[in-house]
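Novice: Spelled out, the chains give:
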Amino acid sequence: MNEAVRGALRRIGLATFVSAVLGFFSLPLLWLAFAPFDADPGVSASLPEFTLHNFRVLMDNPYALASLRNSVLLAGGTAALVVTCAALAAYALSRVRVPGRDALLYVLLLLSSIVTGTAAMVPVFLLAFDLHLIDSRLGVVLVLTGGLLPAAIFLLKDFTDATPPSYEEAARVFGASPLQVLRHVVVPVIRPGLATVGVWAVAQVWGDFLMPFLLLRDPDKAPASVVMYTFYTEGGQPDLALISTFSLLYSLPVVAMYLFVSRRYGFRFHGGIKR
Amino acid sequence: MAPPTSPRADVAAEPARSGADDAAGLGRARAAAFVAPALVLVAVFLVFPALWTLYLGTTDYRLTGVAASEPRFVGTANYRDVLGDGDFHRSLWLTAQFVIGSAVLGQTLLGFAVAWVMRDRPGPVRRLVEGLVLLAWILPSSVIAFLWIALLDRDGGTLNALLGTPGTAWLLDHPMGCVIVFNVWHGTAFSMMLYGAALGNVPPSHLETAALAGASTLQTLRDVVYPRVRGHVLTSLLLVGLWTFNDFTPFLITAGGPDGRSEIMSVYVYRTALGDGRLGAGAAVSLIMILINLAIALVYLRALRARRAAPAGAS
Amino acid sequence: MAAITVRGLTKVYPGGVRALDALGLDVADGEFFALLGPSGCGKTTLLRTIAGLEAASGGTVAFDGGEVTRLPPGRRGVGMVFQDYALFPHMTVLDNIAYPLRVRRRPRADRHARAADAARLLGLAGLEARRPGELSGGQQQRVALARALVAEPRVFLLDEPLSNLDARLRLEARTRLKRLQRDLAITTVFVTHDQAEALALADRIAVMEAGRIRQLGTPEEVFRRPANVFAASFIGSTPMNLLAGTVRDGRVAVAGAELPVPDEARGRLGEGEEIVCGVRPEYLDYASEATEGAFPGIVSVVEHLGGSALVTLDGAGGAVHVVVGEGREPEPGAAGWAVPRPGRVLVYRDGELVTGGEEEETRMDTTGGRR
Numbered sequence: 001m002n003e004a005v006r007g008a009l010r011r012i013g014l015a016t017f018v019s020a021v022l023g024f025f026s027l028p029l030l031w032l033a034f035a036p037f038d039a040d041p042g043v044s045a046s047l048p049e050f051t052l053h054n055f056r057v058l059m060d061n062p063y064a065l066a067s068l069r070n071s072v073l074l075a076g077g078t079a080a081l082v083v084t085c086a087a088l089a090a091y092a093l094s095r096v097r098v099p100g101r102d103a104l105l106y107v108l109l110l111l112s113s114i115v116t117g118t119a120a121m122v123p124v125f126l127l128a129f130d131l132h133l134i135d136s137r138l139g140v141v142l143v144l145t146g147g148l149l150p151a152a153i154f155l156l157k158d159f160t161d162a163t164p165p166s167y168e169e170a171a172r173v174f175g176a177s178p179l180q181v182l183r184h185v186v187v188p189v190i191r192p193g194l195a196t197v198g199v200w201a202v203a204q205v206w207g208d209f210l211m212p213f214l215l216l217r218d219p220d221k222a223p224a225s226v227v228m229y230t231f232y233t234e235g236g237q238p239d240l241a242l243i244s245t246f247s248l249l250y251s252l253p254v255v256a257m258y259l260f261v262s263r264r265y266g267f268r269f270h271g272g273i274k275r
Numbered sequence: 001m002a003p004p005t006s007p008r009a010d011v012a013a014e015p016a017r018s019g020a021d022d023a024a025g026l027g028r029a030r031a032a033a034f035v036a037p038a039l040v041l042v043a044v045f046l047v048f049p050a051l052w053t054l055y056l057g058t059t060d061y062r063l064t065g066v067a068a069s070e071p072r073f074v075g076t077a078n079y080r081d082v083l084g085d086g087d088f089h090r091s092l093w094l095t096a097q098f099v100i101g102s103a104v105l106g107q108t109l110l111g112f113a114v115a116w117v118m119r120d121r122p123g124p125v126r127r128l129v130e131g132l133v134l135l136a137w138i139l140p141s142s143v144i145a146f147l148w149i150a151l152l153d154r155d156g157g158t159l160n161a162l163l164g165t166p167g168t169a170w171l172l173d174h175p176m177g178c179v180i181v182f183n184v185w186h187g188t189a190f191s192m193m194l195y196g197a198a199l200g201n202v203p204p205s206h207l208e209t210a211a212l213a214g215a216s217t218l219q220t221l222r223d224v225v226y227p228r229v230r231g232h233v234l235t236s237l238l239l240v241g242l243w244t245f246n247d248f249t250p251f252l253i254t255a256g257g258p259d260g261r262s263e264i265m266s267v268y269v270y271r272t273a274l275g276d277g278r279l280g281a282g283a284a285v286s287l288i289m290i291l292i293n294l295a296i297a298l299v300y301l302r303a304l305r306a307r308r309a310a311p312a313g314a315s
Numbered sequence: 001m002a003a004i005t006v007r008g009l010t011k012v013y014p015g016g017v018r019a020l021d022a023l024g025l026d027v028a029d030g031e032f033f034a035l036l037g038p039s040g041c042g043k044t045t046l047l048r049t050i051a052g053l054e055a056a057s058g059g060t061v062a063f064d065g066g067e068v069t070r071l072p073p074g075r076r077g078v079g080m081v082f083q084d085y086a087l088f089p090h091m092t093v094l095d096n097i098a099y100p101l102r103v104r105r106r107p108r109a110d111r112h113a114r115a116a117d118a119a120r121l122l123g124l125a126g127l128e129a130r131r132p133g134e135l136s137g138g139q140q141q142r143v144a145l146a147r148a149l150v151a152e153p154r155v156f157l158l159d160e161p162l163s164n165l166d167a168r169l170r171l172e173a174r175t176r177l178k179r180l181q182r183d184l185a186i187t188t189v190f191v192t193h194d195q196a197e198a199l200a201l202a203d204r205i206a207v208m209e210a211g212r213i214r215q216l217g218t219p220e221e222v223f224r225r226p227a228n229v230f231a232a233s234f235i236g237s238t239p240m241n242l243l244a245g246t247v248r249d250g251r252v253a254v255a256g257a258e259l260p261v262p263d264e265a266r267g268r269l270g271e272g273e274e275i276v277c278g279v280r281p282e283y284l285d286y287a288s289e290a291t292e293g294a295f296p297g298i299v300s301v302v303e304h305l306g307g308s309a310l311v312t313l314d315g316a317g318g319a320v321h322v323v324v325g326e327g328r329e330p331e332p333g334a335a336g337w338a339v340p341r342p343g344r345v346l347v348y349r350d351g352e353l354v355t356g357g358e359e360e361e362t363r364m365d366t367t368g369g370r371r
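Chains as they are written, first to last, in the numbering used here: chain S, 1 to 275; chain R, 1 to 315; chain Z, 1 to 371.
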């Protein structure tokens with residue numbers, strides 16, 4: 001009898017906890033699910049009077065689509081630069097013995113985790129100013145690349161270290177030049193690693209607010225993360241129809257990427273996709 | 001076929017293959033050229049700013065005005081100003097609340113609890129819970145910040161509608177509390193996944209032994225689970241703490257307000273340097289933040305080494 | 001096809017490990033040549049230096065008299081099979097085989113035709129479109145062979161070509177490899193730590209230890225007359241009996257037996273000298289009654305080898321192994337005698353075979369680097 005009561009209490013306790021967790025995590029998300037399709041969205045989540053009109057508003061806003069394009073440019077540019085530089089460096093460090101390479105990598109990794117965008121806001125801003133990189137997308141790309149590179153090199157070096165050097169030796173025996181070895185053998189073999197680091201870099205930049213907020217002045221160049229905070233109606237109120245629709249559109253690529261990565265690589269990747 | 005009979009086969013170790021030294025025949029020069037672009041970018045945009053902070057913190061650099069073009073050396077004046085600034089003290093205290101409340105207590109406890117409850121739960125409930133927790137983690141910070149602004153809105157917010165407390169201005173009345181709860185919501189996923197993985201490494205036979213012995217949940221957690229995840233606790237706390245300390249997202253919700261009542265360190269440095277235009281003083285705060293980061297990172301590395309050195313059962 | 005000439009080849013790794021020590025070697029055109037030795041003996045380093053994957057610290061390598069020591073591997077005209085095969089995982093079988101031709105910028109149609117020929121030659125027809133990951137170990141090995149052969153190399157190098165196959169496949173692959181080498185008549189050097197593989201495949205074998213060649217000869221020579229105790233203990237599926245003995249009254253006293261001094265060592269041994277007597281278990285006969293000039297002992301272990309049995313006799317000088325024919329195995333505990341066949345006992349002094357002039361020449365050959 002006592003056992004049965006305890007069992008029931010236990011099950012009720014668990015169910016309550018699970019419901020509370022579900023409620024806590026879903027409540028803020030409800031608005032994102034409903035408001036974009038609501039003909040008259042308020043800030044509260046409510047079942048919408050269904051419409052796709054808000055997406056028309058979005059298409060008509062001159063900044064909305066341009067900012068998504070800017071986000072693509074920043075994320076794509078940074079990812080391309082990070083993958084290229086990190087792959088070259090990781091490969092050379094993995095295959096050619098350089099004295100002190102492990103110590104160098106650890107110091108770089110340590111630096112990248114302590115010299116964060118927040119902590120180094122002031123010197124980074126001044127550096128960009130002195131290099132005439134304020135209000136330049138290139139500036140944002142370069143600053144973000146500098147911060148992401150150590151971790152990217154580390155990840156990719158792990159990947160190359162796990163690849164047997166006999167692939168490259170075989171190609172050399174058959175007459176391939178060092179650059180042919182890279183193009184024919186190394187790049188295809190470590191392609192999963194390159195894709196991983198690329199996706200990781202895109203996710204980092206796509207959601208980043210601080211650096212573009214700090215370094216870009218012209219609203220035409222602002223990425224989605226920054227532009228969201230400029231959507232106000234003529235009355236000075238946040239334009240909820242626009243913000244909700246835009247949020248949804250802006251979030252979808254991240255979710256798609258995450259699904260893709262976890263399908264492809266499983267949760268092995270969990271520490272990586274964000275941060 | 002006879003097995004290889006080589007009496008001395010295991011006597012001499014194979015010398016290290018020098019093929020691993022340069023398998024692609026790159027050569028030193030080309031290898032250096034490969035490493036150079038990455039090193040230059042890191043040096044210019046990561047190492048140099050960190051070092052430059054040392055100098056900038058000793059000047060009266062400003063965003064505008066005379067001191068913008070000709071900054072003067074002011075010695076330790078910035079540090080004295082900052083360390084004597086009441087706003088800085090308040091920011092330090094708020095940051096401590098933020099890091100301890102949201103990262104150390106909130107994310108870790110909630111993350112572990114969710115991982116524990118979900119550990120052997122099959123199917124849709126688990127996928128739903130984990131999916132939602134993950135979604136809160138991966139959505140762009142601008143989006144989730146706005147979701148919380150909408151949730152907590154004074155007039156039409158979902159929370160007030162749900163609680164029947166119209167007109168409660170959560171963000172004005174309890175700004176720090178809101179930011180802490182928000183960050184628990186945002187960051188729990190990492191702890192959940194980490195402890196979920198760690199729990200997966202607890203041998204089922206250990207849990208079954210505890211169940212057969214009639215141990216309560218708390219006893220099981222203390223005697224069977226904790227020893228297995230202990231190694232992860234400290235390192236993940238430090239990592240999450242480091243991230244939280246450097247998080248700028250609360251700025252998007254409260255902008256440090258009202259009246260600086262949610263002005264954590266990351267927001268304080270922004271206001272000092274770019275809001276007020278006192279770049280020299282901002283650089284001084286930057287250096288203090290970098291030093292705090294360094295301290296956390298060094299403890300983290302030490303904990304990591306201790307964990308690696310510890311016997312396998314403890315990790 | 002080419003003859004290989006190696007002179008004074010030395011390889012010192014950073015850190016001072018001397019993997020090759022002034023090594024000299026001649027491999028004839030079309031010869032199937034084995035480098036045999038325990039791991040760490042330098043055999044793989046020698047192969048990789050011939051390929052050009054390792055830079056020699058000193059000495060020369062020449063193909064048909066033309067020095068290649070400083071040439072990069074791709075310009076030496078070598079084909080190589082790696083121990084792990086090193087098949088490119090992202091290319092199909094056909095693209096893998098055609099790769100050496102692709103690097104040589106042959107037209108696509110031409111290289112695919114020749115790769116398909118090579119695939120057919122090695123029994124890979126029908127697998128051309130697969131990826132290496134979809135092949136069995138034996139098929140992978142044949143793809144690696146096809147890729148190494150497709151560009152008609154002057155020298156064919158194999159690094160432990162059979163070691164990654166399971167035992168049954170290995171035998172099949174061994175026969176196939178020997179047939180292939182004979183049909184193509186291509187100069188082939190292969191590395192192995194498996195003495196049976198070397199005996200079965202090679203025209204000549206170099207037994208290596210510590211960066212030097214300890215014996216060079218045909219499989220028969222190396223098996224019957226190991227030039228030193230190292231080669232004696234390394235060659236043979238059942239290790240050679242090596243028994244400590246003394247020269248006394250012009251005879252050899254060893255393990256409770258008195259044997260005549262072998263012809264080749266006659267007149268070369270002093271009275272009272274400490275020697276080691278070597279005789280293979282295959283060259284001993286088992287007798288259940290006391291026999292003159294036989295090693296006495298108590299049968300301690302009988303191991304069945306299939307068509308025969310390996311009998312261990314515990315005697316005065318330690319254990320003696322004898323191979324006994326089917327159906328004649330003694331019971332453990334019985335007293336037995338191991339009778340050496342005439343002319344099969346070898347005498348070693350200071351680790352080297354004591355022998356007449358003819359063998360001296362062979363020994364000089366093995367250290368050709370010093371000539």
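Hints in this document: simulated from the structure, not taken from any laboratory.
Among the hints, a few may not be true.
[Claimed, not checked] Selected chain S positions facing chain R (in silico; Cβ < 8 angstroms): (1) V5; (2) L9; (3) I12; (4) T16; (5) L30; (6) L32; (7) L68; (8) V72; (9) S113; (10) V115; (11) T145; (12) G147; (13) F209; (14) S247; (15) Y250; (16) L252.
[Unchecked claim] Pairwise CB distance ranges (calculated): (17) R119(R) <-> A103(S): 48 to 58 angstroms; (18) G123(R) <-> L252(S): 22 to 32 angstroms; (19) S177(S) <-> T175(Z): 36 to 46 angstroms; (20) D102(S) <-> A43(R): 40 to 50 angstroms; (21) R268(Z) <-> R101(S): 31 to 41 angstroms; (22) G58(Z) <-> L131(S): 46 to 56 angstroms; (23) D117(Z) <-> A103(S): 26 to 36 angstroms; (24) H206(R) <-> A335(Z): 39 to 49 angstroms; (25) G177(R) <-> L65(S): 48 to 58 angstroms; (26) D102(S) <-> G137(Z): 49 to 59 angstroms.
By construction, the Cβ of each residue, glycine as well, lies at the ideal position given by its N, Cα and C atoms.
Novice: Now, for every hint given, state plainly whether the structure supports it.
Specialist: Taking the hints in turn, this is what the structure says about them:
1. V5: Where the cut-off is 8 angstroms and the nearest Cβ of chain R is about 15 angstroms from V5(S), the hint is violated.
2. L9: Violated, because the Cβ-Cβ distance from L9(S) to chain R comes to roughly 12 angstroms (cut-off 8 angstroms).
3. I12: 13 angstroms, violated
4. T16: 11 angstroms, violated
5. L30: 7 angstroms, holds
6. L32: 6 angstroms, holds
7. L68: At 12 angstroms from the nearest chain R Cβ, L68(S) fails the 8 angstroms test, so the hint is violated.
8. V72: Result: violated, 13 angstroms to nearest chain R Cβ.
9. S113: 6 angstroms, holds
10. V115: 5 angstroms, holds
11. T145: This hint holds: T145(S) lies near chain R, its Cβ roughly 6 angstroms from the closest one there, short of 8 angstroms.
12. G147: This hint holds: G147(S) lies near chain R, its Cβ roughly 6 angstroms from the closest one there, short of 8 angstroms.
13. F209: Check passed: Cβ of F209(S) comes within 6 angstroms of chain R, closer than 8 angstroms.
14. S247: 5 angstroms, holds
15. Y250: 6 angstroms, holds
16. L252: 10 angstroms, violated
17. R119(R) <-> A103(S): 48 to 58 angstroms: Since the Cβ atoms of R119(R) and A103(S) sit about 40 angstroms apart, the hinted range of 48 to 58 angstroms is violated.
18. G123(R) <-> L252(S): 22 to 32 angstroms: Given range 22 to 32 angstroms: holds, Cβ gap about 26 angstroms.
19. S177(S) <-> T175(Z): 36 to 46 angstroms: 38 angstroms, holds
20. D102(S) <-> A43(R): 40 to 50 angstroms: 19 angstroms, violated
21. R268(Z) <-> R101(S): 31 to 41 angstroms: 58 angstroms, violated
22. G58(Z) <-> L131(S): 46 to 56 angstroms: With a Cβ separation near 52 angstroms, G58(Z) and L131(S) satisfy 46 to 56 angstroms, so the hint holds.
23. D117(Z) <-> A103(S): 26 to 36 angstroms: For D117(Z) and A103(S) the Cβ distance comes to about 52 angstroms; the hint is violated.
24. H206(R) <-> A335(Z): 39 to 49 angstroms: Hint violated: Cβ distance 58 angstroms, outside 39 to 49 angstroms.
25. G177(R) <-> L65(S): 48 to 58 angstroms: This hint is violated: roughly 37 angstroms between Cβ atoms.
26. D102(S) <-> G137(Z): 49 to 59 angstroms: With a Cβ separation near 35 angstroms, D102(S) and G137(Z) fall outside 49 to 59 angstroms, so the hint is violated.
When each numbered hint is compared with the structure, violations occur for hints 1, 2, 3, 4, 7, 8, 16, 17, 20, 21, 23, 24, 25 and 26.
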